[in-house]
Amino acid sequence: DAKTTQPPSMDCAEGRAANLPCNHSTISGNEYVYWYRQIHSQGPQYIIHGLKNNETNEMASLIITEDRKSSTLILPHATLRDTAVYYCIVSPRYSGNTPLVFGKGTRLSVIA
Amino acid sequence: GAVVSQHPSRVICKSGTSVKIECRSLDFQATTMFWYRQFPKQSLMLMATSNEGSKATYEQGVEKDKFLINHASLTLSTLTVTSAHPEDSSFYICSARDRGANTIYFGEGSWLTVV
Numbered sequence: 001d002a003k004t005t006q007p008p009s010m011d012c013a014e015g016r017a018a019n020l021p022c023n024h025s026t027i028s029g030n031e032y033v034y035w036y037r038q039i040h041s042q043g044p045q046y047i048i049h050g051l052k053n054n055e056t057n058e059m060a061s062l063i064i065t066e067d068r069k070s071s072t073l074i075l076p077h078a079t080l081r082d083t084a085v086y087y088c089i090v091s092p093r094y095s096g097n098t099p100l101v102f103g104k105g106t107r108l109s110v111i112a
Numbered sequence: 113g114a115v116v117s118q119h120p121s122r123v124i125c126k127s128g129t130s131v132k133i134e135c136r137s138l139d140f141q142a143t144t145m146f147w148y149r150q151f152p153k154q155s156l157m158l159m160a161t162s163n164e165g166s167k168a169t170y171e172q173g174v175e176k177d178k179f180l181i182n183h184a185s186l187t188l189s190t191l192t193v194t195s196a197h198p199e200d201s202s203f204y205i206c207s208a209r210d211r212g213a214n215t216i217y218f219g220e221g222s223w224l225t226v227v
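Sequences listed follow chains Z and B, in order.
Position 76 of the first sequence, counting from 1, maps to 76 under this note's numbering, and the rest follow consecutively.
Counting from 1 along the second sequence, just add 112 to a position and that's the residue number in this note's numbering.
Just so you know, these hints were derived from the structure itself, not from any lab.
Just so you know, even glycine gets a beta-carbon here, dropped at the ideal spot from N, CA and C.
There's no promise every hint is true.
Claimed, not checked - Mimicking DSS-like on lysine-lysine, the simulated pairs with C-alpha atoms at most 30 Å apart in a straight line are:
{"hint": "1", "chain 1": "B", "residue 1": "K132", "chain 2": "B", "residue 2": "K176"}
{"hint": "2", "chain 1": "B", "residue 1": "K167", "chain 2": "B", "residue 2": "K132"}
{"hint": "3", "chain 1": "B", "residue 1": "K178", "chain 2": "B", "residue 2": "K132"}
{"hint": "4", "chain 1": "B", "residue 1": "K126", "chain 2": "Z", "residue 2": "K69"}
{"hint": "5", "chain 1": "B", "residue 1": "K126", "chain 2": "B", "residue 2": "K153"}
{"hint": "6", "chain 1": "B", "residue 1": "K132", "chain 2": "B", "residue 2": "K153"}
{"hint": "7", "chain 1": "Z", "residue 1": "K52", "chain 2": "B", "residue 2": "K176"}
{"hint": "8", "chain 1": "Z", "residue 1": "K104", "chain 2": "Z", "residue 2": "K69"}
{"hint": "9", "chain 1": "B", "residue 1": "K126", "chain 2": "Z", "residue 2": "K52"}
{"hint": "10", "chain 1": "B", "residue 1": "K176", "chain 2": "B", "residue 2": "K126"}
{"hint": "11", "chain 1": "Z", "residue 1": "K52", "chain 2": "Z", "residue 2": "K104"}
{"hint": "12", "chain 1": "Z", "residue 1": "K69", "chain 2": "B", "residue 2": "K132"}
{"hint": "13", "chain 1": "Z", "residue 1": "K52", "chain 2": "B", "residue 2": "K178"}
{"hint": "14", "chain 1": "B", "residue 1": "K126", "chain 2": "Z", "residue 2": "K3"}
{"hint": "15", "chain 1": "B", "residue 1": "K178", "chain 2": "B", "residue 2": "K153"}
{"hint": "16", "chain 1": "Z", "residue 1": "K52", "chain 2": "Z", "residue 2": "K3"}
{"hint": "17", "chain 1": "B", "residue 1": "K178", "chain 2": "B", "residue 2": "K167"}
{"hint": "18", "chain 1": "Z", "residue 1": "K69", "chain 2": "Z", "residue 2": "K3"}
{"hint": "19", "chain 1": "B", "residue 1": "K153", "chain 2": "B", "residue 2": "K176"}
{"hint": "20", "chain 1": "Z", "residue 1": "K52", "chain 2": "B", "residue 2": "K132"}
{"hint": "21", "chain 1": "B", "residue 1": "K167", "chain 2": "Z", "residue 2": "K52"}
Unchecked claim - Pair by pair, the computed Cβ-Cβ distance ranges are:
{"hint": "22", "chain 1": "B", "residue 1": "C125", "chain 2": "Z", "residue 2": "S109", "range": "13 to 23 Å"}
{"hint": "23", "chain 1": "Z", "residue 1": "S9", "chain 2": "B", "residue 2": "T215", "range": "39 to 49 Å"}
{"hint": "24", "chain 1": "Z", "residue 1": "R81", "chain 2": "B", "residue 2": "L138", "range": "30 to 40 Å"}
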């Protein structure tokens, strides 16, 4: 079962920042927070991951609360191509045979 | 570009026949690959974990004799849907762990339609 809770859907105006929340109150000390997105009819695309520090890459920023019970994915300037289902996943650092377990995610619609 | 490639991207087969889907890691060796299935408007459901050189581990409710998984090399895993039926029509997705990059990558997915 997924260990995360995300809103089922969100809208965002094109060019504005999209802030996608995720609750993971039962996260354990060795678990990372991973974000993937799935554009319609494609395989999931890796976005970013983090343990406890905030992270930023060319796609997005990840803000993790100090108690690690929640996080926010930020797309700084959303475009129409960012319309997708975004999945927040907690999992031990990629090791052994641990698969990623997907919840229902958040369907982000970027509106022109 | 894609680092995990699936083939075919779309396939239509007749009921009762078998179909094979390939999953290849392109720039890294993958000792472990994962197979998922996704029905319309639903999330990805893990089917099995594929280990190079050993038997796959199947999730509860997934028939191992129907969904044959072979991971014969460090860059290739195959999923064969045997005696396919219309209810097997779905989007099948594989993923592979790149230890060097500490990332799990997903393939583009394969649409299976059984008629």
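For each hint, the structure was consulted:
A distance of roughly 14 Å separates the Cα atoms of K132(B) and K176(B); the hinted pair therefore holds under the 30 Å criterion. Using a Cα cut-off of 30 Å, the hinted pair K167(B) and K132(B) holds, with the two alpha carbons roughly 17 Å apart. For the hint linking K178(B) to K132(B), the alpha-carbon distance of about 12 Å falls within 30 Å, and the restraint holds. For a cut-off of 30 Å, the pair hint linking K126(B) to K69(Z) is broken: about 48 Å separates their Cα positions.
Under the criterion of a C-alpha separation no larger than 30 Å, the hint pairing K126(B) with K153(B) is consistent with the structure, at around 24 Å. Among the hinted pairs, K132(B) with K153(B) is consistent with the structure: their alpha-carbon atoms are about 24 Å apart, no more than 30 Å. For a cut-off of 30 Å, the pair hint linking K52(Z) to K176(B) is broken: about 39 Å separates their Cα positions. Between K104(Z) and K69(Z), the direct Cα distance comes to roughly 18 Å. Compliance with the 30 Å bound is thereby established for this hinted pair.
Annotation: proposed proximity of K126(B) to K52(Z) is violated, straight-line Cα distance about 50 Å (limit 30 Å). Distance hint between K176(B) and K126(B) is fulfilled; the C-alpha atoms sit about 21 Å from each other, no more than 30 Å. For the hint pairing K52(Z) with K104(Z), the CA-to-CA distance comes to about 23 Å; that is within 30 Å, so the pair holds. Only pairs whose Cα atoms come within 30 Å are accepted, and K69(Z) paired with K132(B) is rejected, the gap being roughly 42 Å.
The suggested pairing of K52(Z) with K178(B) is violated, with an alpha-carbon distance near 42 Å, which exceeds 30 Å. Proposed proximity of K126(B) and K3(Z) is contradicted: the alpha carbons are some 39 Å apart, above 30 Å. For the given pair, K178(B) sits about 24 Å from K153(B) by alpha-carbon distance, which is consistent with the 30 Å threshold. Of the pairs offered as hints, the one joining K52(Z) and K3(Z) holds, with about 17 Å between alpha carbons and a cut-off of 30 Å not exceeded.
For a cut-off of 30 Å, the pair hint linking K178(B) to K167(B) stands: about 14 Å separates their Cα positions. Annotation: proposed proximity of K69(Z) to K3(Z) holds, straight-line Cα distance about 11 Å (limit 30 Å). As the CA atoms of K153(B) and K176(B) are separated by approximately 25 Å, the hinted pair is consistent with the 30 Å bound. The hinted pair formed by K52(Z) and K132(B) fails the criterion: a straight-line CA distance of about 41 Å is larger than 30 Å.
A distance of roughly 36 Å separates the Cα atoms of K167(B) and K52(Z); the hinted pair therefore is violated under the 30 Å criterion. Between C125(B) and S109(Z) the CB atoms are about 34 Å apart, so this pair departs from the stated range of 13 to 23 Å. For the hinted restraint 39 to 49 Å between S9(Z) and T215(B), the CB-CB distance of approximately 27 Å leaves it violated. The supplied range of 30 to 40 Å is broken by R81(Z) and L138(B), whose beta-carbon atoms lie about 24 Å from each other.
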